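J.: Protein chains in written order, with the working numbering: chain E, 69 to 152; chain C, 597 to 664.
These aren't lab readings, by the way, just hints derived from the structure by calculation. Each hint should be verified, as a subset may be incorrect.
[Claimed, not checked] Lysine-lysine pairs mimicking BS3-like chemistry, simulated, CA-CA at most 25 Å apart:
| id | chain 1 | residue 1 | chain 2 | residue 2 |
| --- | --- | --- | --- | --- |
| 1 | C | Lys638 | E | Lys147 |
| 2 | E | Lys147 | C | Lys645 |
| 3 | C | Lys638 | E | Lys90 |
| 4 | E | Lys131 | E | Lys147 |
| 5 | C | Lys638 | E | Lys131 |
| 6 | C | Lys645 | E | Lys131 |
| 7 | E | Lys118 | C | Lys638 |
In this text, all values refer to a predicted model and were calculated from it rather than measured experimentally.
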Amino acid sequence: CKDEPFLAAVPLHKRILETAKKLGITDVPAEVVTFISHATQTRLRTVIEKVTVITQHRMESYKDDEWYEQATDVRAQLKFFEQL
Amino acid sequence: LMCEVGPNKQLLQHVEEMLLQVPDDFIEIMITATCQLTWHHKSNTLEVKDIQLHLECQWNMWIPSFGS
Numbered sequence: 069c070k071d072e073p074f075l076a077a078v079p080l081h082k083r084i085l086e087t088a089k090k091l092g093i094t095d096v097p098a099e100v101v102t103f104i105s106h107a108t109q110t111r112l113r114t115v116i117e118k119v120t121v122i123t124q125h126r127m128e129s130y131k132d133d134e135w136y137e138q139a140t141d142v143r144a145q146l147k148f149f150e151q152l
Numbered sequence: 597l598m599c600e601v602g603p604n605k606q607l608l609q610h611v612e613e614m615l616l617q618v619p620d621d622f623i624e625i626m627i628t629a630t631c632q633l634t635w636h637h638k639s640n641t642l643e644v645k646d647i648q649l650h651l652e653c654q655w656n657m658w659i660p661s662f663g664s
């Protein structure tokens with residue numbers, strides 16, 4: 069496993085320090101920055117994977133699936149109303 | 597990262613903006629929680645162990661570090 073930082077280390081370190089300072093923590097080692105970068109990458113990957121699954125789900129057609137059958141014929145119903 | 601998930605996929609712009617917001621919020625929550633842990637055991641140095649603990653409990657996520 070190569071250790072390429074996912075997020076830019078310097079701005080990330082700065083940001084962590086800023087947030088930490090508000091909570092009374094003054095020392096943020098470099099390994100923590102790398103670790104947070106890894107964690108964020110993992111988190112983002114999970115989110116993207118979920119979104120991808122949802123997208124595929126949206127694209128799927130259930131018309132030919134044997135587990136689904138037509139319950140109402142909306143088109144015919146609309147046509148009926150038009151003729152009223 | 598997107599290429600990794602699927603090379604033929606495109607992101608709409610507002611989806612991309614939304615996804616960029618994800619790490620932003622994530623980092624914020626993570627640091628806040630970890631600092632509270634650090635503060636709790638009366639230290640002023642952030643530790644990888646504390647972040648790991650937070651991630652495991654709150655996000656059900658295990659990220660190996662160099663020490664483990």
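J.: Please list, smallest to largest, the hint numbers that this structure does not respect.
T.: 1, 2, 5, 6 and 7
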